[in-house]
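Chemist: Chains as they are written, first to last, in this note's numbering: chain Y, 53 to 318; chain R, 2 to 239.
Just so you know, these hints were derived from the structure itself, not from any lab. Ideal Cβ placement from N, Cα and C applies to all residues, glycine included. Where hints are given, some of them may not hold.
To be verified - Below are the SDA-like pairs computed for lysine to any residue, each with C-alpha atoms no more than 20 Å apart in a straight line:
| hint | chain 1 | residue 1 | chain 2 | residue 2 |
| --- | --- | --- | --- | --- |
| 1 | Y | Lys171 | Y | Phe186 |
| 2 | Y | Lys69 | Y | Arg143 |
| 3 | R | Lys5 | Y | Gly116 |
| 4 | Y | Lys171 | R | Lys85 |
| 5 | R | Lys5 | Y | Thr308 |
To be verified - Footprint (simulated), chain R over chain Y, 3 or more residues, beta carbon under 8 Å:
| hint | segment |
| --- | --- |
| 6 | 92–100 |
| 7 | 230–236 |
| 8 | 257–270 |
| 9 | 282–293 |
| 10 | 309–317 |
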Amino acid sequence: MSTNGHIEKKRLENPPKSFKLKIQRRANENAPAVWETFELPYRRNLNVISALMDVRKDPVTVEGKQTTPPVWDMSCLEQVCGICTMVIDGRVRQSCSALIDDLLLASGSDTISLQPMSKFPNVRDLKVDRSKMFDHLKQVHAWIELDGSYDLGPGPHISNEVAQERYAYSRCMTCGCCLEACPQYGDDNYIGPQAIAQARLFNMHPTGKTNIDERLSGLMGDEGITNCGNAQNCVEVCPMSIPLPKAIYETNRDITVNALFGWLSK
Amino acid sequence: MAYKYSRTFLLRKLHQLTGIVPLGLFFFAHMFTNSKAVAGEASFEKAVQDIHDIPYLLFIEIFGIFLPLMFHSVYGVIISAEAKPNVITYGYGRNWFYFLQRATGIFLFVFIFFHVLNLRFGLIPGLNMTPVAGNADLAYDIVAAEFSIPWVLVLYILGIAATAWHLAYGFWLFAVDWGIVIGERAQKYALYGCVALAAGLFVVGTNAAVAFIRPCGLLPEILCEQPGHNKSAVPKKV
Numbered sequence: 053m054s055t056n057g058h059i060e061k062k063r064l065e066n067p068p069k070s071f072k073l074k075i076q077r078r079a080n081e082n083a084p085a086v087w088e089t090f091e092l093p094y095r096r097n098l099n100v101i102s103a104l105m106d107v108r109k110d111p112v113t114v115e116g117k118q119t120t121p122p123v124w125d126m127s128c129l130e131q132v133c134g135i136c137t138m139v140i141d142g143r144v145r146q147s148c149s150a151l152i153d154d155l156l157l158a159s160g161s162d163t164i165s166l167q168p169m170s171k172f173p174n175v176r177d178l179k180v181d182r183s184k185m186f187d188h189l190k191q192v193h194a195w196i197e198l199d200g201s202y203d204l205g206p207g208p209h210i211s212n213e214v215a216q217e218r219y220a221y222s223r224c225m226t227c228g229c230c231l232e233a234c235p236q237y238g239d240d241n242y243i244g245p246q247a248i249a250q251a252r253l254f255n256m257h258p259t260g261k262t263n264i265d266e267r268l269s270g271l272m273g274d275e276g277i278t279n280c281g282n283a284q285n286c287v288e289v290c291p292m293s294i295p296l297p298k299a300i301y302e303t304n305r306d307i308t309v310n311a312l313f314g315w316l317s318k
Numbered sequence: 002m003a004y005k006y007s008r009t010f011l012l013r014k015l016h017q018l019t020g021i022v023p024l025g026l027f028f029f030a031h032m033f034t035n036s037k038a039v040a041g042e043a044s045f046e047k048a049v050q051d052i053h054d055i056p057y058l059l060f061i062e063i064f065g066i067f068l069p070l071m072f073h074s075v076y077g078v079i080i081s082a083e084a085k086p087n088v089i090t091y092g093y094g095r096n097w098f099y100f101l102q103r104a105t106g107i108f109l110f111v112f113i114f115f116h117v118l119n120l121r122f123g124l125i126p127g128l129n130m131t132p133v134a135g136n137a138d139l140a141y142d143i144v145a146a147e148f149s150i151p152w153v154l155v156l157y158i159l160g161i162a163a164t165a166w167h168l169a170y171g172f173w174l175f176a177v178d179w180g181i182v183i184g185e186r187a188q189k190y191a192l193y194g195c196v197a198l199a200a201g202l203f204v205v206g207t208n209a210a211v212a213f214i215r216p217c218g219l220l221p222e223i224l225c226e227q228p229g230h231n232k233s234a235v236p237k238k239v
């Protein structure tokens with residue numbers, strides 16, 4: 053995804069009269085997953101969310117069965133909040149920025165499949181519980197200590213280079229794409245690139261650096277950074293183009309220098 | 002603040018290290034010895050005899066090869082079992098390499114077990130029953146007899162290919178896992194280097210294997226000095 057410059061919109065030359073949404077549904081977290089297909093009239097400029105809204109108005113499947121309106125999460129509708137992330141035609145991405153024209157063009161079929169992310173506990177239908185990612189942020193101390201009993205004064209200067217690199221990591225919106233696509237993430241055996249990149253963000257900050265030990269310790273557990281398998285799907289699917297492997301490898305160097313070989317300087 | 006080293010953290014670091022230091026070095030030495038066959042039987046058997054003459058050989062075999070190999074392979078299978086491969090959905094190059102590292106690892110787990118029993122110990126029924134260990138003067142003939150069976154030769158060439166890739170990509174993995182190579186461009190160039198290394202190891206290893214059934218291996222014979230089949234060049238064991 054290009055963040056600068058104009059992106060030429062791809063349009064269907066001969067749009068179909070209608071298309072289908074195939075949605076994987078669950079009544080609650082323990083219910084078995086079932087597929088329901090809905091047929092919708094095609095409109096220009098539909099995205100997955102507006103298509104889901106159309107389904108919600110009249111939730112009748114292609115078999116003519118009246119069903120419950122599908123449940124999904126959404127908020128910003130401009131790919132900066134990350135909450136509407138789901139698996140669309142087998143690939144994880146935000147549903148707000150997934151245009152129906154693009155999806156039909158890419159697959160060449162008249163059906164778009166929607167599934168919830170598989171690596172997070174399901175709440176209902178397309179809605180998942182992403183709280184694990186926020187627990188991981190706590191585990192790696194992903195913040196800077198600012199509170200004191202006196203005025204700490206202005207913060208230190210940061211070079212433009214460092215600021216730019218940190219900015220890339222700061223764009224993380226905790227959407228979960230990287231974890232969904234990671235072949236190592238799952239079953240609680242790997243903390244994942246999202247938290248590691250945030251640890252890197254705050255380790256790069258001159259004030260945040262004072263807590264580097266806490267952050268590295270949070271990454272050296274049984275489910276820590278060494279479980280990275282370097283498949284690098286994370287950076288491929290990241291909607292914010294965050295250089296996640298670089299964050300992991302920079303942190304690997306910190307761990308090699310501080311944690312693994314630090315005792316040699318004692 | 003003192004760091005708390007978790008069990009998994011230490012085991013992973015040890016796994017990465019054993020793959021490079023004892024096992025990677027051993028593979029280079031192994032390919033070097035095999036390549037002596039390109040210069041003929043006497044040259045190869047002298048090389049095997051030289052290995053037999055290394056002092057403390059048994060300790061080197063146990064602590065430098067056998068134990069690291071056992072740890073690396075068993076723990077490697079445990080790591081592979083944790084993987085949830087998704088190369089069909091996310092068919093990126095590095096994701097395929099991730100999958101291949103585990104696939105070659107599991108293949109090598111079986112292949113190396115076979116290879117050690119087959120040649121080091123001579124214990125595979127229906128195949129060679131004379132161990133190369135302790136029989137340096139027969140080494141060339143043992144291997145030549147094995148490699149004249151087509152499926153055995155094919156299996157060994159597959160084993161060389163899998164090892165060459167697993168080791169060369171393992172260098173790349175080690176470089177990123179220990180924070181030696183970090184940036185995108187550095188990763189790319191390091192990967193080119195590792196692919197070249199894999200190709201080189203495969204060509205050298207395959208040529209050495211073919212040298213047991215055809216003088217000078219795959220190269221034109223004019224490139225090889227032919228000392229002839231002169232067994233007296235090999236010092237006999239006492």
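Chemist: Could you run down the list of hints and mark each one as holding or not?
Modeler: Verification of the supplied hints:
Proximity of Lys171/Y to Phe186/Y is assessed by CA-CA distance (about 15 Å); at most 20 Å being required, the pair is judged to hold. Between the alpha carbons of Lys69/Y and Arg143/Y the distance comes to roughly 25 Å, so the proposed pair goes past 20 Å and is violated. About 60 Å separates the Cα atoms of Lys5/R and Gly116/Y, which puts this hinted pair outside 20 Å; it is violated. Annotation: proposed proximity of Lys171/Y to Lys85/R holds, straight-line Cα distance about 11 Å (limit 20 Å).
With a C-alpha separation of about 14 Å, the suggested pairing of Lys5/R with Thr308/Y holds against the 20 Å cut-off. Under a criterion of three residues with beta carbons nearer than 8 Å to beta carbons of chain R, the stated coverage of the segment 92–100 of chain Y fails, only 0 such residues being counted. Residue count for the segment 230–236 of chain Y with a Cβ under 8 Å from a Cβ of chain R: 3. That meets the three needed, and the coverage hint holds. Residues of the segment 257–270 of chain Y lying with their CB closer than 8 Å to a CB of chain R number 4, which satisfies the three-residue condition for coverage.
With 6 residues having a Cβ less than 8 Å from any Cβ of chain R, the segment 282–293 of chain Y passes the three-residue criterion, so the hint holds. Here's how the segment 309–317 of chain Y fares: 5 of its residues keep a CB closer than 8 Å to some CB of chain R, so the rule of at least three is met and the hint holds.
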